[in-house]
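If you're matching them up, the sequences are chains A and B in order.
Just so we're aligned, residue 1 is where the first sequence starts under full-length UniProt numbering, counting upward by one.
Just so we're aligned, residue 1 is where the second sequence starts under full-length UniProt numbering, counting upward by one.
By construction, these hints were calculated from the structure, which means they are not laboratory data.
Predicted model only: the values in this text are computed from it and were never measured.
Honestly, I wouldn't trust all of these hints.
Given that identical chains are not distinguished, each listed pair holds provided it fits within a single copy or across any two copies.
Only pairs whose alpha carbons sit at most 16 angstroms apart, straight line, appear in this in silico EDC-like list of lysine to aspartate or glutamate [stated by the list, open to error]:
| hint | residue 1 | residue 2 |
| --- | --- | --- |
| 1 | K186 | E156 |
| 2 | K415 | E462 |
| 3 | K23 | D325 |
| 4 | K414 | D325 |
| 5 | K119 | D275 |
| 6 | K414 | E317 |
There are 2 protein chains.
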Amino acid sequence: MVIDFIADYYNNIEHYPVLSQVKPGYLRHLLPRSAPLAAEPIEEIIKDIETHIIPGITHWQHPAHFAYFPCTASTAGILGELLTAGLNVVGFSWVASPAATELEAIVMDWLGELLNLPKPFLFSGNGGGVIMGTTCEALLATLVAARDRKLAEIGEGEIGIGKLVVYCSDQTHCAFAKAAKIVGIKQGNVRVVPASKTTSFGLCPDELVRAVRSDRDRGLVPLFLCATVGTTPTAAVDPLLPLCRVAREHDIWVHVDAAYAGAACVCPEFRHVIDGVEGADSFSLNAHKWFLTTLDCCCLWVKDPSALRKSLSTNPEYLRNQASDEGGVIDYKDWQVTLSRRFRCLKLWMVLRSNGVANLRNFLRSHVRMAEAFEKLVAEDARFEIVVPRRFSMVCFRMVAGARHDGVANLVNKKLLESINGSGRVFMTHAVAGGIYMLRLAVGATLTEARHVAEAWKVVREQADAMDVEGIVGC
Amino acid sequence: MVIDFIADYYNNIEHYPVLSQVKPGYLRHLLPRSAPLAAEPIEEIIKDIETHIIPGITHWQHPAHFAYFPCTASTAGILGELLTAGLNVVGFSWVASPAATELEAIVMDWLGELLNLPKPFLFSGNGGGVIMGTTCEALLATLVAARDRKLAEIGEGEIGIGKLVVYCSDQTHCAFAKAAKIVGIKQGNVRVVPASKTTSFGLCPDELVRAVRSDRDRGLVPLFLCATVGTTPTAAVDPLLPLCRVAREHDIWVHVDAAYAGAACVCPEFRHVIDGVEGADSFSLNAHKWFLTTLDCCCLWVKDPSALRKSLSTNPEYLRNQASDEGGVIDYKDWQVTLSRRFRCLKLWMVLRSNGVANLRNFLRSHVRMAEAFEKLVAEDARFEIVVPRRFSMVCFRMVAGARHDGVANLVNKKLLESINGSGRVFMTHAVAGGIYMLRLAVGATLTEARHVAEAWKVVREQADAMDVEGIVGC
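Just chain A, same shape as in the assembly:
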């Protein structure tokens, strides 16, 4: 019944408004005030899902979902999750379910090789990979490992942790500053280097050098750089090669956050965007974003797993066992923030096998081609401009609209986005970079076809036609 429900959902998905049109608080008066005393039939629950839940869903799997970054489901991913829930094992240690640990290590080497990650990131090269829920967890784990390694060198002392400085650009995902805060980095020691349009919003290595030198001059200790390949606002790429060179000189841990764009590196023609990763310490991508693996599945590789283990391992008596005591097995609990962990590699393994690498590459390429097509349509309309050169499957654009300065253009585009999303026919989100408010069309939903992208452009044009631009500009 549930399988049928899901099948029907996908059959009907194009009839739903992409962005839920409910108002805050809609659900509370539709449901009972408390849990039922007696069992209710599953039919009843499914009916309520149809009637009450579906209207409150913003449909991430809708082919016209172009907001944020994609979060791709697929048959293999969903069936993998189903199996994970069915077996419901807790693979914190090897002994707690050997297959969960061993399959994860194997699949992480498979995917690492597909990405052409340097050997030192793979188990076969004395590094290794681990699956977490989200990039936030990957950042936390690597930050703590780097922090403790540095404190072991400089001494925890009275003010050790207060001296540590971390670096990112103003395009880096907010998860990084949050993770830094969580691990006790002083807020004033999160160095946010501005990125500009001249570098297509990539982090400029010279700016990093300047920031690091200035910190060292003040007696502070550079700790960590979060470089991004495919930033959230504009899919910008920080240049890894020169950034890692700077970092090495100052003994800074470099994490490469390729949450969205990392997947593209399984295509040889995109692999160059992570050239230089050999100088980094850790690398992560979210297979749940643009790699058909349902939420959640963040893949993290590190060159030095012992750095994670030194910070994150626990060995309470009640978890001791012969296999762990003898060494020679991976206990993933010591690689991550949490103890319990789901059997997530099952779905990644199923996605890789049931699609095959060739199809996965074609899938990614088809999204890039659709984004190219949209970019072309935008460029052909004199009212619009492409704000940032397109990479991958995301187009950042705006209406120029005769506005004499960005402030007015920003207002116009904000209104435009509201009316686009209000149509319910597509869902896009926005970004602001270099002071420019832009619309983001992120192609990536599993069901998106060329016609949906053409339709998206139609919606944009129609809403632009209907806008009282003069009125807004005139204010």
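Given the coordinates of chain A, work out where chain B should sit on it, guided by the hints.
Okay, now just chain B, sitting in the frame of chain A:
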């Protein structure tokens, strides 16, 4: 096909050895060296799961799985996960899928009321609940909130964070010390108060007072107490009422970790174990442990959600939206460590509804009765003793075996456990408390019936009969 596979798995589960009997590294030579270029049929993958994965599974759903704490799957829980994966929405903000946020808030109030949590923990009382993956995340989130609130009072200064002290007992789960380390509490400032057999391994309030006073005398700042209801080693209960009284006097945040035993509080006869929770700041239980909700589902309630939000909220431009800007909606991203979040409340809602409260209570009570029966069997055999008075559904016992001191008895019981688990017929784990090595029989798997517990006792007796106790004692 996958549904059939899972159905067959449960039909056959009693034929598998509970504890996987594979050797480290068994899987690598059974799988190809890299991901396939061409798609493979799902039949092929399912066959490999049967042949290669199942032998490496330690079967947490096996009715003779008595190790660690239970991690209960159920039909409703599995179907809930399936729906979550099918819809595959990312509910970080209200707008990103209003139903995901609103249903979570409603279900957390439902469950909070079932537990008879004081009103200030519920949304209807200006507190509120949130679902995370694991207790580790709940501890991290509350620790950071408490830390930042305290630092706002005393000043971050040069050494602010270095002054903060956190408290627990030596029975507290290792996740707490790990979380404290992650948020930058100095390792020397994690105050581990020894609990003894005289208090049934509950944390003694007088000992807490002594520790806190001593820290204050040294100029340190008490920050956080993690009290446990149902500790991992022995299911001990820290006395919340007097502990919260001490904490209040010294302005210490109290978190109640009821990961396993919290579920029992839906039965009125067990509710007294959390008496005093009204003095705590936060409370968590894992619905995936003993409440039929598949991994992962940690339910956290806090009295002051704004403390979480002050520490954990982010508001980058690319996530801004009208509903959030206007307030009046919950953006759960600001209540937790990670940004992305699965639609986890769906399965908890389905578990509550498709079982009904009455059946859920009976389910828990049946496990407690089985543990009572086992306890009785142990007590009747002169070779064995109950080490800690049983509470809930776990029995802590050991073989006395004529050993003149605990060291020898510990060795005897370690060997006994090895042979029990080596049989493949049951899986138990152990704990050491007060220097005593004991075996833990944790009843809680969904399929466990009285006959499985009787069989477990038979295995214990048989292995005890076969043991050369004299030989071990004689060494």
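Going through the hints against the structure:
1. K186 x E156: Result: close both inside a copy and across copies, 15 angstroms intra and 8 angstroms inter.
2. K415 x E462: Result: close within a single copy only, 13 angstroms intra versus 76 angstroms inter.
3. K23 x D325: Cα proximity of K23 and D325: across copies only (14 angstroms, versus 55 angstroms in one copy).
4. K414 x D325: For K414 and D325, only the inter-copy Cα distance (14 angstroms) is at most 16 angstroms; the intra-copy one is 59 angstroms.
5. K119 x D275: Close inside one copy (14 angstroms), not across copies (55 angstroms); limit 16 angstroms.
6. K414 x E317: between (57 angstroms within a copy, 12 angstroms between copies)
In terms of the numbered hints stated before, the structure departs from none.
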